[in-house]
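Number of protein chains: 2
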Amino acid sequence: MLIQEYFITRSDILEKALAKYLTPSDEITSQLDEAMRYSVFSGGKRLRPILFFATYEMLLERKNINRLERLLPAACALELVHTASLIHDDLPSVDNSEERRGIPSCHVKFGEATAILAGDALITKAVEILTEIKNPRISLDCIRILTKAMSTRGMIGGQAVDILSAKKKININTLRYIHLKKTGALLQAAMELACVIYDAEENISITLGNFALNLGLAYQVVDDILDEVGSFEVLGKEPGQDSRNYKATYPSLLGLEKSKKTAEKLLRDSYNLIKYMKNNDILIEFVNMVKDRLP
Amino acid sequence: MLIQEYFITRSDILEKALAKYLTPSDEITSQLDEAMRYSVFSGGKRLRPILFFATYEMLLERKNINRLERLLPAACALELVHTASLIHDDLPSVDNSEERRGIPSCHVKFGEATAILAGDALITKAVEILTEIKNPRISLDCIRILTKAMSTRGMIGGQAVDILSAKKKININTLRYIHLKKTGALLQAAMELACVIYDAEENISITLGNFALNLGLAYQVVDDILDEVGSFEVLGKEPGQDSRNYKATYPSLLGLEKSKKTAEKLLRDSYNLIKYMKNNDILIEFVNMVKDRLP
Numbered sequence: 001m002l003i004q005e006y007f008i009t010r011s012d013i014l015e016k017a018l019a020k021y022l023t024p025s026d027e028i029t030s031q032l033d034e035a036m037r038y039s040v041f042s043g044g045k046r047l048r049p050i051l052f053f054a055t056y057e058m059l060l061e062r063k064n065i066n067r068l069e070r071l072l073p074a075a076c077a078l079e080l081v082h083t084a085s086l087i088h089d090d091l092p093s094v095d096n097s098e099e100r101r102g103i104p105s106c107h108v109k110f111g112e113a114t115a116i117l118a119g120d121a122l123i124t125k126a127v128e129i130l131t132e133i134k135n136p137r138i139s140l141d142c143i144r145i146l147t148k149a150m151s152t153r154g155m156i157g158g159q160a161v162d163i164l165s166a167k168k169k170i171n172i173n174t175l176r177y178i179h180l181k182k183t184g185a186l187l188q189a190a191m192e193l194a195c196v197i198y199d200a201e202e203n204i205s206i207t208l209g210n211f212a213l214n215l216g217l218a219y220q221v222v223d224d225i226l227d228e229v230g231s232f233e234v235l236g237k238e239p240g241q242d243s244r245n246y247k248a249t250y251p252s253l254l255g256l257e258k259s260k261k262t263a264e265k266l267l268r269d270s271y272n273l274i275k276y277m278k279n280n281d282i283l284i285e286f287v288n289m290v291k292d293r294l295p
Numbered sequence: 001m002l003i004q005e006y007f008i009t010r011s012d013i014l015e016k017a018l019a020k021y022l023t024p025s026d027e028i029t030s031q032l033d034e035a036m037r038y039s040v041f042s043g044g045k046r047l048r049p050i051l052f053f054a055t056y057e058m059l060l061e062r063k064n065i066n067r068l069e070r071l072l073p074a075a076c077a078l079e080l081v082h083t084a085s086l087i088h089d090d091l092p093s094v095d096n097s098e099e100r101r102g103i104p105s106c107h108v109k110f111g112e113a114t115a116i117l118a119g120d121a122l123i124t125k126a127v128e129i130l131t132e133i134k135n136p137r138i139s140l141d142c143i144r145i146l147t148k149a150m151s152t153r154g155m156i157g158g159q160a161v162d163i164l165s166a167k168k169k170i171n172i173n174t175l176r177y178i179h180l181k182k183t184g185a186l187l188q189a190a191m192e193l194a195c196v197i198y199d200a201e202e203n204i205s206i207t208l209g210n211f212a213l214n215l216g217l218a219y220q221v222v223d224d225i226l227d228e229v230g231s232f233e234v235l236g237k238e239p240g241q242d243s244r245n246y247k248a249t250y251p252s253l254l255g256l257e258k259s260k261k262t263a264e265k266l267l268r269d270s271y272n273l274i275k276y277m278k279n280n281d282i283l284i285e286f287v288n289m290v291k292d293r294l295p
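Chains as they are written, first to last, in our numbering: chain P, 1 to 295; chain L, 1 to 295.
If you are wondering where the hints come from, they were derived from the structure by calculation, not from laboratory data.
There may be inaccurate statements among the hints.
When chains are identical, the list treats them as one kind, so a pair holds in a single copy or across two.
What the hints assert, rightly or not - Once the Cα atoms are required to be at most 27 Å apart in a straight line, the calculated DSS-like pairs of lysine-lysine come out as:
(1) Lys109 x Lys168
(2) Lys134 x Lys148
(3) Lys260 x Lys291
(4) Lys63 x Lys169
(5) Lys169 x Lys109
(6) Lys275 x Lys45
(7) Lys148 x Lys237
(8) Lys291 x Lys275
As the structure is a computational prediction, the values presented were derived from the model and not from experiment.
Please work from the sequences and hints to get the whole structure.
Here is the structure:
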């Protein structure tokens with residue numbers, strides 16, 4: 001199956017489930033509901049839920065879209081948490097991004113106060129959705145995985161270190177920490193969730209979690225490189241933003257050549273972690289997608 | 001037992017548990033950890049956890065501090081969610097409060113970006129703590145109760161309506177909605193959590209939830225009255241803030257006398273809901289605490 005077809009078919013069932021979960025509850029909170037939907041349906045690539053589907057279907061040893069129904073709560077929870085983090089990251093006091101995916105950020109459209117609450121509400125909704133999973137043990141394990149990925153040891157911690165590092169001299173270990181936590185933690189959670197729902201063995205979950213961490217870091221290193229030498233088309237946003245914001249990047253700390261070598265090594269490491277697994281074609285496509293962005 | 005003694009002894013075990021849960025995880029995120037601890041340990045009265053303990057001990061039909069160990073995860077989760085809501089409410093784009101409990105607000109002390117993340121991290125931590133409850137069914141029920149109380153149908157929804165209502169003419173039903181959701185929802189959750197952990201019957205949980213909603217609304221109506229006619233000492237903050245911020249209050253919509261009558265009626269309704277229950281002395285003291293603030 002072509003990865004494009006895989007993305008289209010899996011996105012399709014995800015969008016329907018997201019629309020269902022984000023049905024407005026009450027007229028009186030309609031502006032808040034609208035802000036949540038605005039950001040969730042603003043053209044995200046759904047990478048995390050689709051990586052999660054792909055991992056589950058690899059474990060299942062067959063691609064079968066009809067078997068994905070029970071995965072929808074966790075798939076939607078992943079996307080809602082990711083969206084919440086983007087809304088809060090874009091705020092003026094954090095990254096101050098007025099645009100996201102080519103349209104005004106949530107706070108530009110709805111005001112800062114509503115954007116802050118929309119982020120809070122999406123985090124809350126993500127957890128609520130996970131409590132709907134029928135099997136209580138799996139439901140709790142999913143909540144544990146997601147909250148760990150969000151916590152001060154995960155995404156929120158990475159963002160906190162990122163904020164403190166702005167306009168400061170940091171070393172490569174700190175930059176690696178930021179990328180691993182801000183991007184890697186939730187990708188790792190996506191694959192761990194698939195393992196928990198499939199009931200995979202512990203060592204498989206650890207291996208796939210490491211695959212996700214390597215892939216997430218590779219993605220960020222490539223992003224750093226594109227910020228230096230890429231075009232708007234490949235990067236999906238204006239290049240040169242990091243240096244203008246005095247943000248440390250892999251090229252600014254290691255130079256361009258060594259950064260490229262680092263990205264290639266991370267992609268090779270990702271590939272090596274899954275190359276002996278059966279039905280790994282979509283996961284390999286994820287590695288190739290990142291590799292193809294490398295200039 | 002005097003309510004003062006009850007508060008001191010129960011606060012004491014709560015503080016120890018909060019300190020344990022908020023032990024910093026990693027040097028690299030120390031500023032975020034510090035911001036979380038700063039707001040949690042800034043002199044809050046711990047009303048929600050103590051109402052939760054009192055409800056459980058009433059159901060247990062005896063006051064026994066040694067039986068409260070298993071309640072600590074939910075007690076701490078309640079306080080962390082409450083603190084998160086205060087941090088986000090105080091932000092410049094929301095209520096713009098530079099002080100809280102007589103000291104600088106979290107964002108004044110640590111910056112807005114860290115304050116936003118500290119709120120997010122406290123919400124996440126609250127859910128993580130609830131997953132530690134040994135019995136999976138109870139753990140999941142607690143997460144359901146807490147996330148419902150926080151959601152767009154609860155606290156966050158109330159805050160969203162409050163923001164939209166600022167400097168607008170609203171009616172008494174909208175003001176009632178804001179108070180019920182912003183304050184009542186989490187108090188209701190406190191009592192529902194006690195019922196779930198004790199395994200009380202459904203109708204008891206509904207009755208006690210209604211008690212909490214009435215009490216929370218009464219507290220807010222009294223607060224509105226004190227904002228108009230109270231002193232700094234009784235109100236705990238500078239009076240007159242609401243009218244200066246063009247915020248609707250019960251007295252501004254109903255007049256002072258009718259507001260007092262409303263508060264008295266709500267307190268009577270609260271009392272009537274629990275008056276036939278055994279061992280209700282601490283809950284009655286909660287009603288009296290609110291009544292005593294009425295000028």
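Exercise for the section: Identify every previously stated hint that the structure contradicts and give their numbers, smallest first. Expected result: 4, 7
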